[in-house]
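Peer 1: Here is what each chain is made of, one letter per residue.
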Amino acid sequence: MQKFTRDQMATLVANDIPDGACVNLGIGLPTLVANHLPGDREILLHSENGLLGMGPAPAPGQADPDLINAGKQPVTLLPGGAYFHHADSFAMMRGGHLDFCVLGAFQVSVRGDLANWHTGAPDAIPAVGGAMDLALGAKRVVVMMEHLTKSGESKIVERCTYPVTGLNCVDRVYTDLAVLDITPRGVEVVRMTEGMTLSELARLSGVALTLAPPPRPA
Amino acid sequence: MQKFTRDQMATLVANDIPDGACVNLGIGLPTLVANHLPGDREILLHSENGLLGMGPAPAPGQADPDLINAGKQPVTLLPGGAYFHHADSFAMMRGGHLDFCVLGAFQVSVRGDLANWHTGAPDAIPAVGGAMDLALGAKRVVVMMEHLTKSGESKIVERCTYPVTGLNCVDRVYTDLAVLDITPRGVEVVRMTEGMTLSELARLSGVALTLAPPPRPA
Amino acid sequence: MIDKIVATTIAAVAGIEDGSTIMIGGFGTAGMPVELIDALLAQGARDLTIVNNNAGNGETGVAALLKARRVKKIICSFPRQVDSQVFDALYRAGDIELELVPQGNLAERIRAAGAGIGGFFTPTGYGTLLAEGKETREIDGRHYVLESPIRADYALVKAERADRWGNLVYRKTARNFGPVMATAARCTIAQVREVVALGALDPEAIVTPGLFVKRVVEVASATPLATPGAAA
Amino acid sequence: MIDKIVATTIAAVAGIEDGSTIMIGGFGTAGMPVELIDALLAQGARDLTIVNNNAGNGETGVAALLKARRVKKIICSFPRQVDSQVFDALYRAGDIELELVPQGNLAERIRAAGAGIGGFFTPTGYGTLLAEGKETREIDGRHYVLESPIRADYALVKAERADRWGNLVYRKTARNFGPVMATAARCTIAQVREVVALGALDPEAIVTPGLFVKRVVEVASATPLATPGAAA
Chain A
1 MQKFTRDQMA TLVANDIPDG ACVNLGIGLP TLVANHLPGD REILLHSENG
51 LLGMGPAPAP GQADPDLINA GKQPVTLLPG GAYFHHADSF AMMRGGHLDF
101 CVLGAFQVSV RGDLANWHTG APDAIPAVGG AMDLALGAKR VVVMMEHLTK
151 SGESKIVERC TYPVTGLNCV DRVYTDLAVL DITPRGVEVV RMTEGMTLSE
201 LARLSGVALT LAPPPRPA
Chain B
1 MQKFTRDQMA TLVANDIPDG ACVNLGIGLP TLVANHLPGD REILLHSENG
51 LLGMGPAPAP GQADPDLINA GKQPVTLLPG GAYFHHADSF AMMRGGHLDF
101 CVLGAFQVSV RGDLANWHTG APDAIPAVGG AMDLALGAKR VVVMMEHLTK
151 SGESKIVERC TYPVTGLNCV DRVYTDLAVL DITPRGVEVV RMTEGMTLSE
201 LARLSGVALT LAPPPRPA
Chain C
1 MIDKIVATTI AAVAGIEDGS TIMIGGFGTA GMPVELIDAL LAQGARDLTI
51 VNNNAGNGET GVAALLKARR VKKIICSFPR QVDSQVFDAL YRAGDIELEL
101 VPQGNLAERI RAAGAGIGGF FTPTGYGTLL AEGKETREID GRHYVLESPI
151 RADYALVKAE RADRWGNLVY RKTARNFGPV MATAARCTIA QVREVVALGA
201 LDPEAIVTPG LFVKRVVEVA SATPLATPGA AA
Chain D
1 MIDKIVATTI AAVAGIEDGS TIMIGGFGTA GMPVELIDAL LAQGARDLTI
51 VNNNAGNGET GVAALLKARR VKKIICSFPR QVDSQVFDAL YRAGDIELEL
101 VPQGNLAERI RAAGAGIGGF FTPTGYGTLL AEGKETREID GRHYVLESPI
151 RADYALVKAE RADRWGNLVY RKTARNFGPV MATAARCTIA QVREVVALGA
201 LDPEAIVTPG LFVKRVVEVA SATPLATPGA AA
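Listed in order, the protein sequences are those of chains A, B, C and D. When we follow my numbering, the leftmost residue of the first sequence carries the number 1, and every step to the right adds one. When we follow my numbering, the leftmost residue of the second sequence carries the number 1, and every step to the right adds one. When we follow my numbering, the leftmost residue of the third sequence carries the number 1, and every step to the right adds one. When we follow my numbering, the leftmost residue of the fourth sequence carries the number 1, and every step to the right adds one.
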């Protein structure tokens, strides 16, 4: 079975982000998107710990411990960037001022519920960070994740079995097998890996899928 | 009947403001207090339109239309002063961060209700501005007003007949006849004009008054 | 490339629809975007709801908009001023609707809209005419009124400097309502004294980050004179 | 004369009572007032409730306070990190109480306390475990949870510069929770890299006006190195 690589997934997401968008990239897989943003688009990265206009990682030896992203990695600030405090930063997200938010996930349900903060394991130490804010944090919330768990179960589910992060909040899911839109009509397939069929994808996913109108070539 | 002059009233208020206090002086009579602040105390003036550390009126010809107080009069900023936006400015007041707020009033009730925004006249165009915020706007809210209306009615009342600005919010009242504390035990007289007696003041006021313990010499 | 700079005030207000809710910055005339208001007057939109601290001074700015009968409703804290004759006449004639809001609640309601808050409990106004009919609640021994966010279609604000991303810094007390209004409108339009190069504004001192601003126009005109003598 | 500058970190934390609620700024180690925490450790107050985004990194700062068993409860958004071994052990042993709050709600609840707001409706967390038992409301078709303010007795924050009135400016993303925490405590204590003369801070760029700050201490030490690899 052919799969999108992580970089291919990141490229698919990056290409969908329009010029001028303000974007928050969640921790993990979504961070990769920054490396694939089209060079002819000016896209502003927001980090919820208080900056807009985030630049790339600093050159070796240039890291500033006071200039980090939400993953606590050293970053830089582009000319035109700005700093602000935590309440202002989350007000930007909660108030719907970001255009795009890209998140990782354990599960996404057919109605767009997101589970990405807690495995539900009874011995786990819970930690939520900004996950629940990010889930509602932009005009468009998209998820990047592998389509199947290591044991082959679909992460696209009828109903989340992990504790949810937010309800009805995901607009689109990018997996290593497909790009899926969560719509009021159900889950629609926007794109599949080469050789994948709708029926095979639906079988793997265990949920009903239809082709998105109009279908775009893969 | 001997009365405190407006400047004497302002001096009484000013002397009660401790060194280091942050103070908002309302429009009208309270503005006079700024001229009587003891020179050996550093007192920070707040204006709700977005500044702390307000200085005196500018020299003639030096007025800056972008630097005004809540009364829309040109002012200056002292070294150490700061500008902030309206939501932050009112958060300072509502959050109890100012030490003193000095207000004018139509009426103050024996339980500390304040009426100072509306005469209740049916043809009046209502305007509230920051009055209701200022009424709750400091750890200590004091009122400066004449004791009697022009027609001789007491402005210290059992119950406000004008529409109230805030309930149970006034701590002390400075009038041209007395200084009165609003306490859970009732209205206590802290100071009177020379020659005034408690019984005469109570008669003029139309409300029960007691001497504040310990009585301070006038 | 992001470039929010437009060439003229007319271009800046293009597309404002009849019936829009428009926030207008300023406290009296300090921070009032007079040239944007003039452009809105020329643009012709009507049946507007205006959110401003006041209800116009003299015959210019918000007052001119009122005088031209473009405004059906005003949400403000202090309409009555020594020079609010235009509003006064319309109000007495029943030709304009007024929603009077305590100034701090006005600022906080605008901030709530921008911050995605559905409502909040404020102590200001409790027990007064302006809280009549509103939900109240006692919390930890203090009385509060539930207030709702005020959102707008457009916000017209005046700032000192901007760059092409729409970052804004303000000048002195002309800042007032600008930063919160900029967050609460679908489309925020800023007039600034000076457009500067990207990177010229100190990232520690930017008051309104560019994501809140859709259009910027440079208006180099002198600041209008303040109107002394009016109350807040 | 107003002079909030104190000579030592020990003097800065003097008087902190057992059982206090203490907000501590910082996001990971950026903005964490390590030297003030060390002084608090030496001062000896116990049975503390700590409000911080995290629950300690490594063995210093908040982690050292936890390790010394001074903390009975922590209110935070992200306790579990690669280097949160001190918290993890206490938590698994049932030796510390945890109130887990989504990060944006944490910031907004602190802001609400400082702004005199009695409670607010937030969309964040609706329908999740962290909203269980909380009042909810549908407003204009969106679902919200009622959240309450978080107040503190003390706030310990780290800033870049201060003057004797207590005005603060911060540095880059070390700003994070500092400005809101400074508004929400009865007594805010700031450690700063540099104390400057009154008037040296740009009044347009002051982030925390002095009225929010009670004590300032200069700590010229180098910023501790960031801990890479931990999540938010």
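Possibly wrong hints are sitting among the right ones.
Straight-line Cα separation of at most 16 Å, EDC-like style, residue types lysine to aspartate or glutamate; simulated pairs [claimed, not checked]: (1) A:Lys3 with A:Asp99; (2) A:Lys139 with A:Asp16; (3) D:Lys73 with D:Asp88; (4) A:Lys139 with A:Asp171; (5) D:Lys67 with D:Asp95; (6) D:Lys72 with D:Glu17; (7) B:Lys139 with B:Asp181; (8) C:Lys214 with A:Asp99; (9) C:Lys134 with C:Asp153; (10) D:Lys214 with B:Asp99; (11) C:Lys214 with A:Asp19; (12) D:Lys214 with B:Asp19.
These are calculated hints, taken from the structure and not from any lab test.
Peer 1: Against this structure, judge whether each hint is valid.
Peer 2: Each hint, compared with the structure:
Of the pairs offered as hints, the one joining Lys3 of chain A and Asp99 of chain A is violated, with about 28 Å between alpha carbons and a cut-off of 16 Å exceeded. The hinted pair formed by Lys139 of chain A and Asp16 of chain A meets the criterion: a straight-line CA distance of about 14 Å does not exceed 16 Å. Of the supplied pair hints, the one linking Lys73 of chain D and Asp88 of chain D holds, its CA atoms being roughly 13 Å apart against a limit of 16 Å. In summary, the hint linking Lys139 of chain A to Asp171 of chain A is supported, as the alpha carbons are separated by about 9 Å, within the 16 Å threshold.
The straight-line distance between the Cα atoms of Lys67 of chain D and Asp95 of chain D is roughly 11 Å, inside the 16 Å bound, and the hint therefore holds. With a C-alpha separation of about 14 Å, the suggested pair Lys72 of chain D and Glu17 of chain D falls inside the 16 Å cut-off, and the hint holds. Taken as a hint, the Lys139 of chain B and Asp181 of chain B pair is honoured in the structure, with Cα atoms around 15 Å apart against an allowance of 16 Å. With a CA separation close to 13 Å, the supplied pair Lys214 of chain C and Asp99 of chain A stays within the 16 Å bound.
Distance hint between Lys134 of chain C and Asp153 of chain C is unfulfilled; the C-alpha atoms sit about 25 Å from each other, more than 16 Å. The hinted pair formed by Lys214 of chain D and Asp99 of chain B meets the criterion: a straight-line CA distance of about 13 Å does not exceed 16 Å. Of the pairs offered as hints, the one joining Lys214 of chain C and Asp19 of chain A holds, with about 14 Å between alpha carbons and a cut-off of 16 Å not exceeded. Under the criterion of a C-alpha separation no larger than 16 Å, the hint pairing Lys214 of chain D with Asp19 of chain B is consistent with the structure, at around 14 Å.
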